[in-house]
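2 protein chains.
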Amino acid sequence: MSDDPLVVFTPSGKRGRFPVGTPVLTAARQLGVDLDSVCGGRGICSKCQITPSYGEFSKHGVTVEADALSEWNAVEQRYKDKRGLIDGRRLGCQAKIERDVVIDVPPESQVHKQVVRKRAEAREITMNPSTRLYYVEVEKPDMHKPSGDMERLVEALEDQWQLNGVKTDLHILHQLQPVLRKGDWKVTVAIHLGDDTHPPKIMHIWPGYYEGTVYGLAVDLGSTTIAAHLCDLKTGEVVASSGIMNPQIRFGEDLMSRVSYAMMNKGGDQEMTRAVREGMNALFTQIATEASIDKALIVDAVFVCNPVMHHLFLGIDPFELGQAPFALATSRSLSLRAVELELNIHPAARVYLLPCIAGHVGADAAAVALSEAPDKSEDLVLVVDVGTNAEILLGNKEKVLACSSPTGPAFEGAQISSGQRAAPGAIERVEIDPVTKEPRFRVIGSEIWSDEDGFAESIATTGITGICGSGIIEVIAEMRLAGLLDASGLIGSAEQTGSARCVPEGRTNAYLLWDGSAEGGPRITVTNPDIRAIQMAKAALYSGARLLMDKVGVDTVDRVVLAGAFGAHISAKHAMVLGMIPDCPLEKVTSAGNAAGTGARIALLNTDARKEIEETVRNIEKVETAVEPRFQEHFVNASAIPNSADPFPILNTLVTLPEVSFNAGGGDGDGPGGRRRRRRG
Amino acid sequence: MSDDPLVVFTPSGKRGRFPVGTPVLTAARQLGVDLDSVCGGRGICSKCQITPSYGEFSKHGVTVEADALSEWNAVEQRYKDKRGLIDGRRLGCQAKIERDVVIDVPPESQVHKQVVRKRAEAREITMNPSTRLYYVEVEKPDMHKPSGDMERLVEALEDQWQLNGVKTDLHILHQLQPVLRKGDWKVTVAIHLGDDTHPPKIMHIWPGYYEGTVYGLAVDLGSTTIAAHLCDLKTGEVVASSGIMNPQIRFGEDLMSRVSYAMMNKGGDQEMTRAVREGMNALFTQIATEASIDKALIVDAVFVCNPVMHHLFLGIDPFELGQAPFALATSRSLSLRAVELELNIHPAARVYLLPCIAGHVGADAAAVALSEAPDKSEDLVLVVDVGTNAEILLGNKEKVLACSSPTGPAFEGAQISSGQRAAPGAIERVEIDPVTKEPRFRVIGSEIWSDEDGFAESIATTGITGICGSGIIEVIAEMRLAGLLDASGLIGSAEQTGSARCVPEGRTNAYLLWDGSAEGGPRITVTNPDIRAIQMAKAALYSGARLLMDKVGVDTVDRVVLAGAFGAHISAKHAMVLGMIPDCPLEKVTSAGNAAGTGARIALLNTDARKEIEETVRNIEKVETAVEPRFQEHFVNASAIPNSADPFPILNTLVTLPEVSFNAGGGDGDGPGGRRRRRRG
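Going down the list, the sequences are from chains A and B.
Under this note's numbering, the first residue of the first sequence carries the number 58, and numbering increases by one thereafter.
Under this note's numbering, the first residue of the second sequence carries the number 58, and numbering increases by one thereafter.
Treat the hints loosely; a few may be bogus.
Identical copies look the same in the list; a pair holds intra-copy or inter-copy alike.
Simulated crosslink set (BS3-like; lysine-lysine; CA at most 27 angstroms straight-line) [stated by the list, open to error]:
no.: 1; residue 1: K668; residue 2: K202
no.: 2; residue 1: K224; residue 2: K668
no.: 3; residue 1: K456; residue 2: K202
no.: 4; residue 1: K608; residue 2: K197
no.: 5; residue 1: K202; residue 2: K608
no.: 6; residue 1: K243; residue 2: K137
no.: 7; residue 1: K454; residue 2: K668
no.: 8; residue 1: K202; residue 2: K433
no.: 9; residue 1: K239; residue 2: K323
no.: 10; residue 1: K454; residue 2: K202
Derived by calculation from the structure, the hints in this document are not laboratory data.
Taking the hints into account, I'd like the entire structure generated from these sequences.
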């Protein structure tokens, strides 16, 4: 045995001695080296490409001669002629071991390859999809040994792929016999590998060797929008992304109005279930069209959503979620058939819903936890996913806590007089000169600031239509910094501020950000009710975070991750000026983008991650804000916009918050700002 | 410990010592005694009734005093007042052990009770149904420990019933929350206990304690008729039985014409699939109505059928079954959801199809094997299920062989000039006086023979409409015994036989069994083509049996079991006169009735029997008659009707077969009888 050539695989470092003539693929399999193959070494799929290294490898104690592998053969040449093969590459099933050799397995030949995420701080996704392709050769029927075609296919999968107990649904039995004969008893099958409670299952069958791939969907089902990524289950690549408005919006803008709709209207929950499923199917058609693929090739889908959307999507009346004790019908992850949810993708497609954390902290928060992995963090991280509800996670590898806070839709531009969704024409960035009190701003769709040359031309097609969520945060924070707003949230009058842009509006004042009325456009102002709405929202967000910090027993966190589309566009400084997030060094505030969607994508591409997040969720300490007296307390204290007296020492080193107070003549006594003002006054 | 009272359970003989005050139910559970309980010992269900025995039991070494159990209590009294309780019975959950005691568990308190089959020789069915009821008390939701209602129900099932990993479909989640609250967190659930590849699953949920039961269907899906038994899954009792004609008959009387229909008509297989499923649903509605139960309480169904029906029912094109090598799409047993087959029973109902033995020997034959258990037989048994195809099993506990023989529909009264299905008005029994050659007969619907007083009145409503399968066998055998028919199958003329009932018909003769034409009724004759049809059918049947006997290397069998409705009505003597079955002592020929249906019922009531038959089928040696030259040989030799020269020694001791030969002037040269005649002549 010790005379047999030594084979060392990189990057794994796995090594062993094999008889001369052993194919590299065989050696890799025996050593457990991650080298892909769909055809099982028949020289058909060419997934097992490897690169032999030549020369002296002191690390491995090997000198590799040029004739370490068998000669380049006709199968390899045919593949190279037909499809191309990078110089130096060989097919692992064709190249045989002749002498000691070091073999590199390039990433694209690995089954469990890493999918690179764009953000530097994010961990990579290891490919381990639910469904894989296998090429098999099936025995022909024999009258003397009668057995079904299916049984012989199952045997072939056992013999050729060591896949045991493979099952199938009826739809495969319907096509099995003609497909086997068309492929002359050679077929490619897509197999869902199953899980603890489901056996491996044949999803699809193609005659002969199937060159293509199968797809999965990672879906972020939000109250307002439904966003989906279509992923290649072989490479992990996102081949298309698309989104639509949640059609349930017509039943209520926010979650609680949808719950009310279900309570007030018999069958209302079913109406909403139908609406969201129809929307989902429209989205899937759209995304498949965009990627030019057959929807029937979508064999897996992962969904993340908040508990109310979760229940409505599943067809469960969300009644119980509208009242204490906010009991979920089910909180565990769910593995379902797509047809049960009336989704028109592959007829046997499976669907996975991440677990819910609690009655107010859904599978979307679980997905954020999967993407941002606070449970693996060395330092104490606050993860905030801002939407109509804010889901808040706080923790590190010792412990993770979670809660939800009812921020309402103000951060999404709703309930704001000139508010709108983040779409071309919306003001998204604002600066106000502290001396002149004059604003400059940028509009979605243009890179040019409003006081720069070419601005008018750059917005010619979109116009200026309103302010989006991040814009309203910035303008309010800038107003505070410019002394146009006091800590209680009152806008000063033109007299008090010395700015003609401060105009009376009802019994209070408004700040005129843009007047497009001369050209028939809108007058865009920030009113005192706008500020009150944002104060309410940010107070809810801040109070949730503070509550978790109390539970952990800290006053500061090491870092803050802002998740969600809103979190991606928000300026950390302005968020802190507003008091949305706890004090924290600015460079420690990062955006995770659509972390819920990323979590869905991780769970789609790596089934191990599903088990991981189920475990994580079980261990998370759930905090219910609705029954925590401290939450109410924090909320009342948090509605003001910080001033120098507030406990934001880091913020105070960054900005100067003017000590102004606008004791308006009228109104506003009902607002939280007003309430606080009176308490302090 | 040895001071603790001794408890002996009968009939199991299990015994153990338990502390004073231990409830009998608890003791039974700890000893693994089969004592039923749905409520888990809460005094609600009263399924745990036991009978304490008093006196001296030398066998058990115990003397039982009258105070061996705790006193009769209020719970027992309430139950007795409300529902009645047999004297001497106690509730096992209420009666506590005080002193040494012998406890009898009556059959109705056993979970795995035996269901008695009517036939003495048949083994009993042990109850072990797929689905059982469990009463549980579920924890209320707690905001501080958020978990879904489903998760708390699953926990309760684990804690209170040791049922682990229970899953559910969406339909339970849709109703879970209101049902839990309606039952004040006490519910009864029906749980399908799963199998090797399916976890236990909640099928149904009722608020509080559910007094009722759930049902299952045992369905025998034949080419001609579909018959179903509705069974109580608790008691095993058949609560209703019903049947309909297979609606596929309009696409072809026999299996091969249906396969042809599918081949000749695009989508023809799907048409037939729809037809049989619609028929099935109509039958289920009918049977549920008859039993006055809600169809949604039918949670399990077992189907047996031949391979073509199997494929058409599953929606698989039977194309491959119409040609060698007769490859089944799948031969294994199938565990499916009823909705996959578009069956309108319980939405989560499961369906089990027995395995097929071979391309021509279906799940119906497997069911016969389960019912008649040749694999457990000490002596060599031939089991024949006569239908359009005859399925034949031969074997004993050493080995079982199986084949199928294409008998055609003649035995069912089809292809017979006066033939009809077995229905009121059909002649079913015939005797012919060997001297006068005059017949007497009996008609379905009447117990009176045609030559007895009151016959005319007894058939006043039905009339005499034709001959059914068993009638045609008897009349032909009787014709042979009376010398009206020669061994080749030719009917003699009036001159040759001396009977005016032998009338010319075409180029041959016919025997006039009944002339009702004077009253506007039919003239019922047995023609030579009728005899040819029966000769073909019986030759096929006999040849199949002979072929298996050749394989085993025997010339006789120890016993013959005739299965199927036809087998139930056929006279063993007449069958042997015709040469349908091999020579065998008459008292060793028994009828098993609808053995396929019984096999379906066994598989329905005892899930262990499913595993058992799967194993049996794997071990059966399959013989394909179509490719066995010996089959053709036997067939040619078997078309004649035995005469004294044939190797039927036992038959020859019973009857005298007249040595007649009617060499007709014309025709009939094409018939098998004719062929044989020429070969011998």
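We went through each hint and held it up to the structure:
Taking identical chains as interchangeable, the C-alpha atoms of K668 and K202 lie at most 27 angstroms apart only when they sit on different chains, with a minimum of 21 angstroms there against 42 angstroms within one chain. Taking CA atoms no more than 27 angstroms apart as the test, K224 paired with K668 passes in both settings, with 22 angstroms inside one copy and 17 angstroms between copies. For the homomeric pair K456 and K202, the shortest alpha-carbon distance between copies (16 angstroms) is at most 27 angstroms, but the shortest distance inside one copy (60 angstroms) is not. With identical chains, the CA atoms of K608 and K197 are at most 27 angstroms apart between copies only, with a shortest distance of 25 angstroms across copies and 67 angstroms within one.
Taking identical chains as interchangeable, the C-alpha atoms of K202 and K608 lie at most 27 angstroms apart only when they sit on different chains, with a minimum of 16 angstroms there against 69 angstroms within one chain. In the homo-oligomer, the alpha carbons of K243 and K137 lie at most 27 angstroms apart inside one protomer (23 angstroms), although the nearest pairing across protomers, at 69 angstroms, exceeds that limit. For the identical chains of this complex, K454 and K668 are intra-copy neighbours only, at 17 angstroms inside a copy versus 48 angstroms across copies, given an alpha-carbon limit of 27 angstroms. Taking the shortest alpha-carbon separations for K202 and K433, only the inter-copy value of 23 angstroms comes in at or below 27 angstroms, while the best intra-copy value is 56 angstroms.
Within a single copy, K239 and K323 get their C-alpha atoms only as close as 52 angstroms, which misses the 27 angstroms cut-off; across copies the closest is 19 angstroms, which meets it. In the homo-oligomer, the alpha carbons of K454 and K202 lie at most 27 angstroms apart only across protomers (21 angstroms), although the nearest pairing inside one protomer, at 59 angstroms, exceeds that limit.
Checked against the numbered hints listed earlier, the structure breaks none of them; every hint is satisfied.
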